[in-house]
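Asker: The primary structure of each chain is shown beneath.
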Amino acid sequence: MNIKPELIWEAFKSAVSYIPITLLITLVVVVIGLLFGIIVAAIRTYRVPVLSHAADGFVIIFKAMPINLILVVSSLLFVTHFNSIASFLHLTVTVRDVSRIYVGIFALSFPAIAQMSEFIRGSLLSVDRGQYEAGYTVGLTFLQTFRRIILPQMMLVFVPSLTGIVIALMKATSLVILIGVVDVMNGALKYANLYFSYFEAYLAAALVYWGLSLVIEFLGKSVEKSIGRYRGDPA
Amino acid sequence: MIEIKNIHKSYGKNKILNGVDVHVDEGEVVVILGASGSGKTTLLRSISFLESADQGTLTIGERTVELNKAKKRDIVAFRKKTAFVFQNHNLFNNRTALENVTEGLIVGRKMPKAEAVEIAKNALAKVGLADRHDYYPSQLSGGQQQRVGIARAVALSPEVILFDEPTSALDPELIGETLSLIKKIAQEGITMMIVTHEISFAYDVASKVIFMDGGVIVEEGTPDEVLVRPKEERTRQFLKRILKPVEFNI
Amino acid sequence: MNSDFFSFERLLDYFPIILSKFPVSLYVVVVSTALALILGTVLAMIRIRKIPVLHQLAGVYISFVRGTPIMIHLFLVYYGLPLLLNAVFGHNIASGWNKLIFVFLAYGLNEAGFLAEHIRAAILSVPRGQTEAGLMVGLTGYQTFRRIVLPQAFRVLLPGLSAMVVSMLPATALAYLLGVTDMMGMITTISYSSQHSLEGYADAAIIFIAASIILEKLSAILIKKLNYGRKSVDGSL
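Protein chains in written order, with my numbering: chain A, 1 to 235; chain B, 1 to 250; chain C, 1 to 237.
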């Protein structure tokens with residue numbers, strides 16, 4: 001049993017051709033995570049009555065649950081219940097018409113929101129209470145204080161951690177293979193069955209994910225730098 | 001007896017020590033004075049091998065070593081002859097007061113635990129902290145921490161204790177008690193080298209005072225010679241500057 | 001719509017069966033974390049000392065592990081270790097090994113990549129004076145590191161480490177992919193005979209959530225205990 005470089009190359013090419021799928025899922029999940037994560041974080045940070053307990057519960061539950069479990073259960077529910085829900089809503093689509101990608105995005109969104117909200121909350125709490133009070137005393141409203149004083153400061157903490165979250169979510173999208181989506185991971189494994197070249201296939205997939213992570217990290221660093229410049233510039 | 005000869009040390013182009021010789025007899029208390037940047041702390045740290053000197057020899061007792069050629073073995077052997085009291089205490093944060101004192105005895109000198117604890121208890125009693133054995137450094141005041149630091153050094157019964165500005169990190173009201181403790185230990189005949197800014201303490205405790213400036217020894221002699229009738233202009237300037245704020249009566 | 005889709009009766013029936021496999025997950029977390037602490041400390045020391053070649057290799061290793069999915073690490077170890085052993089010993093000595101060993105290794109290697117940077121920061125957070133004091137009371141460099149620096153670094157590391165352990169627990173739910181019968185594997189087994197898996201997944205979810213809450217509470221207690229007399233938990237004096 002030897003490693004065959006040509007099979008790594010085949011798997012690599014196949015995996016690369018599915019990069020758009022992996023990036024699409026990542027991007028959508030990140031955007032959903034950000035939007036809802038902000039809401040969840042705000043509810044928890046400013047202790048909105050009743051809702052804050054629900055938000056606490058949401059975060060605890062989806063941080064503790066394995067992502068693959070969420071995926072598999074979502075897929076299970078989707079297969080068994082989608083038709084009845086669709087017909088209830090008088091939609092003409094059926095299970096067959098809907099791409100599994102959407103199921104993947106749906107399932108990954110829950111842990112994404114939970115994770116994202118934790119980091120947003122952390123960066124919100126990193127801004128001293130005195131900053132709000134200072135804003136109020138010069139006559140700003142809460143929203144004005146938030147937008148002009150708090151947000152720029154929390155971004156300094158949040159953006160560096162965002163890179164890490166995006167990479168983590170990108171890596172987590174590889175789990176959609178469990179519900180049959182063909183992404184980078186699945187693409188790499190396309191011929192593995194044929195040649196029993198699993199090691200080569202996983203190695204190729206690893207190289208593609210690694211490359212994507214390095215690109216995301218590089219982009220994150222560039223954004224950080226531009227924010228840093230903004231911070232250092234008194235004008 | 002401690003003999004330091006022709007010690008040189010520079011950081012890049014910056015010469016910190018430029019040929020310093022010091023001789024300390026047994027039982028002697030040598031106080032080193034000087035402005036910050038004069039090289040006095042570097043001198044102390046170099047003979048402890050906390051800084052690696054570029055040149056120079058160190059003799060403690062029978063044993064001599066070239067500072068820049070010292071092997072690991074030599075360094076360990078020489079450190080066992082010395083003890084160090086740090087400016088900012090450097091108590092082991094993860095050890096209680098008692099454990100701070102026993103650590104070097106048990107692990108460094110392979111002393112049986114019971115014996116080490118006995119010595120440590122005596123040392124802590126000597127510095128007035130018999131009731132603080134089980135306190136962690138964070139539960140002690142700055143002055144108490146420094147007293148544990150002194151007990152830690154004394155318990156090792158080294159040939160010389162090196163004090164690096166032992167009171168400069170302390171609150172003013174704690175300086176007095178720490179200095180009188182050091183004086184008490186000095187009177188027991190332990191050899192000491194002390195870097196400090198406390199002139200009246202130096203006058204009280206020193207058998208020899210050394211004034212350093214720009215990496216060299218400018219003047220040395222008895223406390224009377226250096227502090228009361230300094231020959232060198234630089235010494236006079238220094239004393240004038242440092243004594244100005246308070247009225248000074250010897 | 002299938003009315004027999006979900007039943008509380010089955011939820012209760014399966015619960016003890018699924019729970020009986022929970023120790024497997026815990027086992028994976030404990031062993032792989034222990035492995036990761038050792039390897040992570042070695043990596044951290046290589047990085048701190050800037051040992052030539054090894055320093056660069058460690059950097060590549062950490063970047064690779066952090067940049068690739070853990071599922072891939074599982075399979076790379078599973079398929080790669082036999083290849084490696086074959087190359088070294090001439091035959092695959094791992095052929096009869098328990099699948100759990102691959103799981104331990106994969107999670108341990110993965111966690112080490114993440115821990116290495118935490119450990120490095122923790123070691124560097126211990127003031128230089130602590131080492132100097134250790135040397136000056138006559139300890140060797142290694143003794144000072146082992147007895148003075150590491151315990152204090154561990155205290156700094158603890159909050160990050162416990163957060164990592166808590167997040168490791170759900171991550172171990174991929175072990176079944178290598179054929180280990182953990183909770184997820186047990187659900188698959190049950191569903192073969194009963195055609196029902198949803199209740200099993202619900203049971204597993206409940207167990208994971210409860211376990212993570214308990215783990216988090218335990219680590220909070222541990223952090224408080226290891227405070228060396230400090231009152232605050234955040235490490236500030």
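What the hints contain is simulated information worked out from the structure, not anything from laboratory work. All C-beta atoms in this analysis are idealised placements derived from N, C-alpha and C, irrespective of residue type, glycine included. One or more hints might be untrue.
[Said to hold, decoys possible] Computed cross-link-like contacts, DSS-like style, restricted to lysine-lysine with a CA-CA straight-line distance of at most 25 Å:
1. Lys-13/B x Lys-80/B
2. Lys-21/C x Lys-99/C
3. Lys-71/B x Lys-121/B
4. Lys-221/A x Lys-50/C
5. Lys-13/B x Lys-81/B
6. Lys-208/B x Lys-183/B
7. Lys-72/B x Lys-21/C
8. Lys-217/C x Lys-63/A
9. Lys-80/B x Lys-15/B
10. Lys-80/B x Lys-184/B
11. Lys-71/B x Lys-5/B
12. Lys-121/B x Lys-184/B
13. Lys-99/C x Lys-69/B
14. Lys-13/A x Lys-221/A
15. Lys-81/B x Lys-69/B
16. Lys-126/B x Lys-71/B
17. Lys-224/C x Lys-71/B
18. Lys-81/B x Lys-113/B
19. Lys-4/A x Lys-50/C
20. Lys-50/C x Lys-63/A
[Stated by the list, open to error] Computed footprint of chain C on chain A, listed as stretches where at least three residues anywhere in the stretch have a Cβ under 8 Å from a Cβ of chain C:
21. 44 to 54
22. 161 to 173
23. 188 to 202
24. 206 to 216
Asker: Indicate, hint by hint, whether the structure satisfies it.
Answerer: Now the hints, each set against the structure:
At most 25 Å may separate the alpha-carbon atoms for a hinted pair to count; Lys-13/B and Lys-80/B exceed this at roughly 33 Å. For a cut-off of 25 Å, the pair hint linking Lys-21/C to Lys-99/C stands: about 15 Å separates their Cα positions. Straight-line distance between C-alpha atoms of Lys-71/B and Lys-121/B comes to about 34 Å, which puts the hinted pair past the 25 Å bound. Distance hint between Lys-221/A and Lys-50/C is fulfilled; the C-alpha atoms sit about 23 Å from each other, no more than 25 Å.
At roughly 32 Å between alpha-carbon atoms, Lys-13/B and Lys-81/B are farther apart than 25 Å, so this suggested pair is violated. Between Lys-208/B and Lys-183/B the alpha-carbon distance is near 14 Å, which keeps this suggested pair within the 25 Å criterion. At roughly 53 Å between alpha-carbon atoms, Lys-72/B and Lys-21/C are farther apart than 25 Å, so this suggested pair is violated. A distance of roughly 15 Å separates the Cα atoms of Lys-217/C and Lys-63/A; the hinted pair therefore holds under the 25 Å criterion.
Among the hinted pairs, Lys-80/B with Lys-15/B is inconsistent with the structure: their alpha-carbon atoms are about 29 Å apart, more than 25 Å. For a cut-off of 25 Å, the pair hint linking Lys-80/B to Lys-184/B stands: about 23 Å separates their Cα positions. Annotation: proposed proximity of Lys-71/B to Lys-5/B holds, straight-line Cα distance about 18 Å (limit 25 Å). A hinted pair counts as satisfied when its Cα atoms are at most 25 Å apart, and Lys-121/B with Lys-184/B qualifies at roughly 18 Å.
This hinted pair does not check out: Lys-99/C and Lys-69/B have alpha carbons roughly 54 Å apart, beyond 25 Å. For the hint linking Lys-13/A to Lys-221/A, the alpha-carbon distance of about 28 Å lies beyond 25 Å, and the restraint is violated. Between the alpha carbons of Lys-81/B and Lys-69/B the distance comes to roughly 18 Å, so the proposed pair stays at or under 25 Å and holds. As the CA atoms of Lys-126/B and Lys-71/B are separated by approximately 35 Å, the hinted pair breaks the 25 Å bound.
A C-alpha spacing of about 42 Å is found between Lys-224/C and Lys-71/B, which places the hinted pair above 25 Å, so the restraint is violated. For the given pair, Lys-81/B sits about 21 Å from Lys-113/B by alpha-carbon distance, which is consistent with the 25 Å threshold. Of the pairs offered as hints, the one joining Lys-4/A and Lys-50/C is violated, with about 35 Å between alpha carbons and a cut-off of 25 Å exceeded. Distance hint between Lys-50/C and Lys-63/A is unfulfilled; the C-alpha atoms sit about 36 Å from each other, more than 25 Å.
Coverage of the stretch 44 to 54 of chain A by chain C is violated in this model, with 0 residues showing a Cβ closer than 8 Å to a Cβ of that chain against a need of three. Interface restraint, the stretch 161 to 173 of chain A with chain C: holds (3 residues with C-beta to C-beta distance below 8 Å; minimum three). Given a C-beta distance limit of less than 8 Å, the hint that chain C covers the stretch 188 to 202 of chain A holds, as 3 residues qualify and 3 suffice. With a cut-off of 8 Å between beta carbons, the stretch 206 to 216 of chain A has 6 residues touching chain C; three or more are needed, and the interface restraint holds.
In summary, the numbered hints that this structure violates are 1, 3, 5, 7, 9, 13, 14, 16, 17, 19, 20, 21.
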